[in-house]
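Number of protein chains: 2
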Amino acid sequence: MRNFRMLLQYEGTRYQGWQRQESTDNTIQGKLEMLLSKMTGQKIEIQGAGRTDAGVHALGQVANFHADTQMTEKEILEYMNRYLPEDIAVISLKEVSERFHSRLNATGKTYCYRVIHSELPHVFDRRHAHVVEQKLDVRAMEEAAQYLVGTHDFKAFTSNKRGKKSTVRTLESIQIEEHVSASMQMQGLQDEICFLYRGDGFLYHMVRIITGTLLEVGAHKRKPEEIAEILASGLRERAGELAPAKGLTLLEVRYQ
Amino acid sequence: MRNFRMLLQYEGTRYQGWQRQESTDNTIQGKLEMLLSKMTGQKIEIQGAGRTDAGVHALGQVANFHADTQMTEKEILEYMNRYLPEDIAVISLKEVSERFHSRLNATGKTYCYRVIHSELPHVFDRRHAHVVEQKLDVRAMEEAAQYLVGTHDFKAFTSNKRGKKSTVRTLESIQIEEHVSASMQMQGLQDEICFLYRGDGFLYHMVRIITGTLLEVGAHKRKPEEIAEILASGLRERAGELAPAKGLTLLEVRYQ
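Protein sequences appear in the order of chains F and S.
Each residue of the first sequence is one higher than the last, beginning at 1 in this note's numbering.
Each residue of the second sequence is one higher than the last, beginning at 1 in this note's numbering.
Quick caveat, the hints were computed from the structure, so don't treat them as lab data.
There's no promise every hint is true.
Treat identical chains as interchangeable: a pair holds within one or across any two.
[Stated by the list, open to error] With a Cα cut of at most 30 Å, we get these calculated DSSO-like pairs of lysine-lysine: (1) Lys165 - Lys94; (2) Lys94 - Lys164; (3) Lys155 - Lys165; (4) Lys38 - Lys155; (5) Lys165 - Lys38; (6) Lys74 - Lys38; (7) Lys94 - Lys135; (8) Lys223 - Lys31; (9) Lys38 - Lys135; (10) Lys135 - Lys74; (11) Lys223 - Lys94; (12) Lys223 - Lys43; (13) Lys221 - Lys74; (14) Lys155 - Lys74; (15) Lys74 - Lys223; (16) Lys38 - Lys223; (17) Lys43 - Lys155; (18) Lys135 - Lys165; (19) Lys164 - Lys135; (20) Lys74 - Lys165; (21) Lys74 - Lys31.
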């Protein structure tokens with residue numbers, strides 16, 4: 001059995017997330033497995049590094065699968081891009097050691113959450129950014145973010161109810177970058193904020209709950225210091241709202 | 001009667017172009033007129049500065065309409081953005097002199113045509129850029145563009161068969177800018193070219209035929225010098241192919 005590693009991009013808007021589900025065939029993993037099974041005549045299972053939620057996008061998702069095939073890497077890549085829907089693309093495909101596992105071998109991930117401050121609708125960014133009407137205090141959000149960087153129990157920042165597994169993770173950095181988007185630059189209208197999260201791994205909904213909480217700090221609904229109390233409490237209800245899926249993109253998965 | 005000037009943005013993908021048509025209500029002008037007629041209880045006609053084709057986008061379309069209404073500018077703007085589909089937005093709306101006409105008073109326009117060089121599908125740019133597999137020779141395209149800048153009879157660069165009106169226009173500049181798109185920068189994969197056209201006015205299909213012709217120069221299928229002959233011939237069949245609509249965006253309309 002050969003093992004193939006893929007770099008994938010997708011716009012999550014139309015899908016029920018990455019993970020295959022019994023109730024729907026409308027998942028990214030499902031679409032890829034169906035295509036590869038058809039291509040090889042075998043039942044193919046794909047391992048994805050990150051299980052992105054419904055509506056979340058990826059610029060650098062990594063996945064691998066085992067298959068018995070004589071096809072070259074190039075042939076597989078071209079076959080897949082020919083038959084995949086236009087909102088999913090295979091950017092590269094390489095044969096790797098049989099022991100490579102995209103999720104278990106991953107040592108880190110980077111996510112980006114895009115927020116646009118505007119009172120007007122955003123025609124061109126509407127699928128890929130969360131638009132907020134209120135002006136945000138970036139300095140306050142940066143101060144709040146510092147409480148989250150480092151190794152912590154992020155139990156208060158996940159929606160996962162199954163309580164057995166460790167909820168300790170290391171957030172290496174949170175960068176809050178201010179941009180002016182090209183589409184608005186001409187009108188001098190608004191600014192965009194990109195929250196960049198680098199960590200060793202992320203819990204279910206973790207990036208979106210952290211972002212939702214930081215946005216409440218940015219809107220002066222909470223004080224930066226509250227973050228320490230929320231972390232210590234371990235209570236989901238103390239943290240902020242879940243930020244909408246469409247603003248989130250998996251940028252990259254890192255390996256040793 | 002009050003006269004209102006609007007700045008509009010839209011993603012043209014789903015529409016049959018700007019101009020109202022008898023055969024379909026799926027045009028930008030049609031959607032706007034229907035909404036304003038409903039809002040005012042009067043039959044409203046809109047004048048748009050540029051009649052963008054089906055699939056062409058706008059970041060800075062300008063349009064005006066006359067209406068008998070007591071509503072404030074802000075009320076009209078908010079009403080429109082509440083009821084317009086999410087791929088059309090009113091960015092600003094101001095009452096202007098009764099004699100202002102968005103098309104007749106316009107002194108210039110700027111269009112941008114985006115081309116991406118890549119052998120891979122482009123998930124995030126698929127609606128707004130034309131993807132070409134072949135690497136393009138930007139220097140050759142710049143040389144070719146110089147033959148087009150200035151005041152010329154652009155008859156060879158329009159699809160319009162009705163031959164009465166003047167086909168003389170002034171192209172103030174063609175800038176060919178090379179970018180690396182954010183989505184691909186991480187993978188170091190491809191480059192993007194933006195053709196910026198500034199002129200006093202543009203004929204039907206003019207920007208797309210010029211772009212299609214420049215792309216043939218960039219792919220070394222034609223020599224830059226041929227442009228002079230094509231211009232002089234006045235024959236549409238001598239020019240290059242019509243570039244796809246989705247790469248084109250109306251960036252701005254200029255007034256004195």
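Each hint, compared with the structure:
Taking CA atoms no more than 30 Å apart as the test, Lys165 paired with Lys94 passes in neither setting, with 32 Å inside one copy and 58 Å between copies. Proximity of Lys94 and Lys164 under a CA criterion of 30 Å is satisfied in neither setting, with 36 Å inside one chain copy and 60 Å between copies. For a Cα distance limit of 30 Å, the shortest separation of Lys155 from Lys165 inside one copy, 10 Å, qualifies, whereas the shortest one across copies, 71 Å, does not. In this assembly of identical chains, Lys38 and Lys155 lie within 30 Å of each other by CA distance neither inside one copy nor across copies; the values are 41 Å within and 51 Å between.
Taking the shortest Cα distances, Lys165 and Lys38 never come within 30 Å of each other, neither inside one copy (36 Å) nor across copies (57 Å). In the homo-oligomer, the alpha carbons of Lys74 and Lys38 lie at most 30 Å apart inside one protomer (17 Å), although the nearest pairing across protomers, at 56 Å, exceeds that limit. For the homomeric pair Lys94 and Lys135, the shortest alpha-carbon distance between copies (24 Å) is at most 30 Å, but the shortest distance inside one copy (45 Å) is not. Taking identical chains as interchangeable, the C-alpha atoms of Lys223 and Lys31 are never at most 30 Å apart, the minima being 44 Å within one chain and 45 Å between chains.
For the identical chains of this complex, Lys38 and Lys135 are neighbours neither inside a copy (50 Å) nor across copies (33 Å), given an alpha-carbon limit of 30 Å. Taking the shortest Cα distances, Lys135 and Lys74 sit within 30 Å of each other only across copies (19 Å), while inside one copy they are farther apart (48 Å). In the homo-oligomer, the alpha carbons of Lys223 and Lys94 never lie at most 30 Å apart, since the shortest distance is 48 Å inside one protomer and 39 Å across protomers. Taking the shortest alpha-carbon separations for Lys223 and Lys43, neither the intra-copy value of 52 Å nor the inter-copy value of 52 Å comes in at or below 30 Å.
In this assembly of identical chains, the alpha carbons of Lys221 and Lys74 lie at most 30 Å apart only when taken from different copies (28 Å versus 53 Å within one copy). When the C-alpha separation of Lys155 and Lys74 is checked against a cutoff of 30 Å, the pair qualifies neither within a copy, at 43 Å, nor between copies, at 45 Å. In this assembly of identical chains, Lys74 and Lys223 lie within 30 Å of each other by CA distance neither inside one copy nor across copies; the values are 53 Å within and 33 Å between. Neither within a single protomer nor between protomers do Lys38 and Lys223 lie at most 30 Å apart by alpha-carbon distance, with minima of 54 Å and 46 Å respectively.
In this homomeric assembly, Lys43 and Lys155 never come within 30 Å of each other (Cα to Cα): the closest approach is 37 Å inside a single copy and 58 Å across copies. Taking identical chains as interchangeable, the C-alpha atoms of Lys135 and Lys165 are never at most 30 Å apart, the minima being 38 Å within one chain and 50 Å between chains. In this assembly of identical chains, Lys164 and Lys135 lie within 30 Å of each other by CA distance neither inside one copy nor across copies; the values are 40 Å within and 53 Å between. Taking identical chains as interchangeable, the C-alpha atoms of Lys74 and Lys165 are never at most 30 Å apart, the minima being 40 Å within one chain and 53 Å between chains.
Taking the shortest alpha-carbon separations for Lys74 and Lys31, only the intra-copy value of 20 Å comes in at or below 30 Å, while the best inter-copy value is 46 Å.
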